[in-house]
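Q: The listed protein sequences derive, respectively, from chains A and B.
For the first sequence, the residue numbers in this note's numbering are 197 to 728.
For the second sequence, the residue numbers in this note's numbering are 46 to 372.
Simulated from the structure, these hints should not be mistaken for laboratory data.
These figures come from a predicted structure and were not determined experimentally.
Each residue gets a CB set at the ideal place from its N, CA and C atoms; glycine is no exception.
Among the hints, erroneous ones may be present.
[What the hints assert, rightly or not] Label pairs and their in silico Cβ distance ranges: (1) Leu75(B) <-> Ser574(A): 24 to 32 angstroms; (2) Leu125(B) <-> Ala363(A): 48 to 56 angstroms; (3) Ala78(B) <-> Lys486(A): 37 to 45 angstroms; (4) Asp663(A) <-> Leu75(B): 52 to 60 angstroms; (5) Asn191(B) <-> Ser499(A): 33 to 41 angstroms; (6) Ser574(A) <-> Ala300(B): 39 to 47 angstroms; (7) Ser499(A) <-> Leu75(B): 31 to 39 angstroms; (8) Leu125(B) <-> Ser585(A): 55 to 63 angstroms; (9) Asp231(B) <-> Ser585(A): 49 to 57 angstroms; (10) Arg307(A) <-> Ala300(B): 37 to 45 angstroms; (11) Thr704(A) <-> Arg126(B): 50 to 58 angstroms; (12) Pro313(A) <-> Ala78(B): 49 to 57 angstroms.
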Amino acid sequence: MTSALVRFAALVAVTTLLGLSAACSAPSTSDGPGGNARQAAAGDGFVLGLSSEPDNLNPVLGYAPDGGSLIFDGLVSRTADLELKPALAAELPKTDDAGTTVTFRLRTDVRFHDGTPLTSADVAYTYQALLDEKNNSSLRSDYAAIKSVEAPDPETVVFHLKYPYAAFLQRATLGIVPERSLDRPDFNTRPVGTGPYRFVSWTPGDKIVLEADPSYWNGAPAIKNLVLAYAADDNVRATRMAAGEFDAAVLAPKAAARFDGTAGMTVYRVPSADYRGVMFPMEAPVTGDKAIRKAISLALDRSAMVKTILAGAGSAAFGPVAPGTSWHNAAVRGSDTADQAQAVQVLEQAGWQAGPDGIRVKDGTPARFALMYPAGDSLRKELALAVASDAKRVGIDIELAGLDWDAIYPRMAKDALIMGYGTPFDPDHTNYELFHSDFVGQEPFNPARYRDSEVDALLERGRRTADPAERKQAYDAFQQRIRDEEPWVYLVYLQHVYVVRGEWTGITPSVEPHEHATGGLFRDIAEWKPAS
Amino acid sequence: MSRTLARMAVWRVAFAVPLLFAVTAGMFALAKASPFDPIRQYLGDRAQTTSPEVTARIRENWGLDRPLIEQYLDWLGSLLRGDLGESRSLHRPVTDVIGERLGWSLLVVGGAIVVMLIVSLAVGLPAAWRRDSWLDRFITGTAYANEAAPVFWTGLIAIWIFAVQLRWLPSGGLTDAAATTVRPGDVLRHMILPVAVLAFSQSSWLLLFVRESLINTLREDFVTGARARGLRERTVLVRHALRSALLPFITLLGARIPELVTGAILVETIFSWPGVAGTSVQAALAADFPLLAALTLLATLAVVVGNLLADAAYVIADPRVRVLGVS
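Excised from the complex, chain A in its bound form:
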């Protein structure tokens, strides 16, 4: 296996080189009429060039839980500004006063693609199958709050929760599958859903073909044939986009630059909640000192990271909740550029004095620690290099270690790590597990081993309170506290970059999560209409 991996790595390296040279020499798209010419050809599909192919197409087993599936609908879906709206549910659900019983009423006009009507039994089955330990669903952890699901009548579904959980509704975007679908031998690859597109075929490693459902409950999509084509390499996607093979594609920021200003193409740079930050182990001697963390945060030149590493497609980050979402605390901010003087002042006040080799020392301990990053992730590697060089300027020595995740896990409690997370939907998601002291020692949860009773209380209040205003207050205070203590130093928020050929109405960018499985800009392609 190792030799296969080595050969594969060499292959990837060469592909990248080739892609780069191709990117330099490929002709511009002046050799066609551009615009909607290709879409007009009968029988041809609208082709999306995507980066990562799903392993299976079953929502129960982890396919597009945040509503990115075009084949399935959830009970609820999201508007562009991330408000929940009913989808398969007739209206937003009722939660009882205790906050532990959530009742959904379903639409009565919905049919699966095979013609069978949707009932509450299908909904209950979907969630029960997900929670069934035997099914090994990769999502089960996210739905741990559910105690049981009932279907008292065909139109009603009742969720019983273990504890009041305000963010539960955000999880109800999970696609609904027909009852007993896991018993069908081919369901994972020939799925049947209620969504705007029906499954046609899947050539693994290549593409998935979908067709519009003309009787879709929310109106038939304007794009009739849709092809999801997969190409993992960033440069290959850019080349195929330029060659006219794709009608729209997800691109790396640097690869997208050449499409700016091309006639008939629009580049979308969509803000995301997808952050990169440095996790500091709180129990380690150097990083456990708040002055060190503060000084690093001050010494970082975040604007340079955005400009050079992200090719401008991003913004500086100062906390775990993304700007642009209603949960963001506007008071949590900082300077985009480095403030070395203040960083030095913080260090000296705390007793870190410059040593003979330029590295600061306090009580005989040099200001030195290791910063890990996943070896295959070039973005995190470049960020780690930038952090190390900025820290060096104020006398903190960071040793970099590019490792595989299996080597990183056992070291999380001792060494710092470049992390990437972030979901715009609810601040409870991931933050509860990353910062609540209950999870200390349960890596990958709370990897910093951060213990703060104030943060614990705020996270619990946010989770158990139903009133949005009170929740907002709790999470504002949480963000402020994390900014003050800086158990993590946040670096940048990424932008996701898309290129679309032709003129369309109905494209609605919205703040996107870390995971790309949600479909990003393409999540509502069913509502795109040709302009003019």
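The hints should help you fit chain B onto chain A, whose structure is shown.
A: Chain B only, in chain A's frame:
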């Protein structure tokens, strides 16, 4: 002759059984020694937001917490019952995954073998005939350079020339990205580059062998005799010399099958060809043991059967041959 063949086949099968056992045992030992945690690979990005309790449960469901020897015997038992298990990453029976891709692999590899044979004969023959001419030097020089070049390099150069620069052929995939059905003409067009690259990269050995063997045969008495009888040069070359020179060629073809399998893995990966060979790379990266084990067995089997077929062909082609231990 058929008796000889049957005895040889039985002999080889008897030999193949312990070999396959050794391969499966080796695979299990390697999987155990591997530092990659299959559950973390299975969860992917989500591994970082999954509680240790869920991870432990999946480990238990997959039986990874049991002793290695128990897991091995279990797997072996199912294998003997014809059950290859379920792919962990794809959530489908391994037989289905392999079944739907094997045909595409055989198409490319089969096509490549045919092209390889034709090219090495068509090019090796003139090289031997006009030995030490500029043509011979050019052919052997190219063949040595090609033998040294890795397949993925040849493949990427071919993509760059024919797909990116000239735009004559598609750069990858089974059909056009926009095509919603699989049409034979479309597949044929997409097949050209992978087949050509695989055949080209594997043909150097054969070509050089044909040349060498032919040069030796041309020195033999019966060739001189044929010439002395005043036969046309073409007849001497093709009917007499080549025929005799070809015998060891068949065995060599069988011996090249492992190389062909490795080549197919790289070619399928470069050209996004949906075959079994490219899938083994995915299975390896996902630490998807049931799938990887079945694919490794399949590759072993291909080598064993390929050698058997080559030797059988030898027996048919040359009645003088008596395979060791059989006659």
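Q: With reference to the structure, classify each hint as holding or not holding.
A: Here is what the structure says about each hint:
1. Leu75(B) <-> Ser574(A): 24 to 32 angstroms: holds, 29 angstroms
2. Leu125(B) <-> Ala363(A): 48 to 56 angstroms: Roughly 50 angstroms apart at Cβ, these two residues keep to the hinted range, so it holds.
3. Ala78(B) <-> Lys486(A): 37 to 45 angstroms: About 43 angstroms separates the Cβ atoms of Ala78(B) and Lys486(A), which means 37 to 45 angstroms holds.
4. Asp663(A) <-> Leu75(B): 52 to 60 angstroms: holds, 56 angstroms
5. Asn191(B) <-> Ser499(A): 33 to 41 angstroms: violated, 50 angstroms
6. Ser574(A) <-> Ala300(B): 39 to 47 angstroms: holds, 41 angstroms
7. Ser499(A) <-> Leu75(B): 31 to 39 angstroms: Violated, at about 48 angstroms.
8. Leu125(B) <-> Ser585(A): 55 to 63 angstroms: holds, 59 angstroms
9. Asp231(B) <-> Ser585(A): 49 to 57 angstroms: At roughly 51 angstroms between Cβ atoms, Ser585(A) and Asp231(B) fall inside 49 to 57 angstroms, so the hint holds.
10. Arg307(A) <-> Ala300(B): 37 to 45 angstroms: 59 angstroms Cβ-Cβ, so the 37 to 45 angstroms window is violated.
11. Thr704(A) <-> Arg126(B): 50 to 58 angstroms: The hint (50 to 58 angstroms, Cβ to Cβ) holds, given that Thr704(A) and Arg126(B) are roughly 53 angstroms apart.
12. Pro313(A) <-> Ala78(B): 49 to 57 angstroms: holds, 53 angstroms
In this structure, the earlier hints numbered 5, 7, 10 are contradicted, and the remaining ones agree with it.
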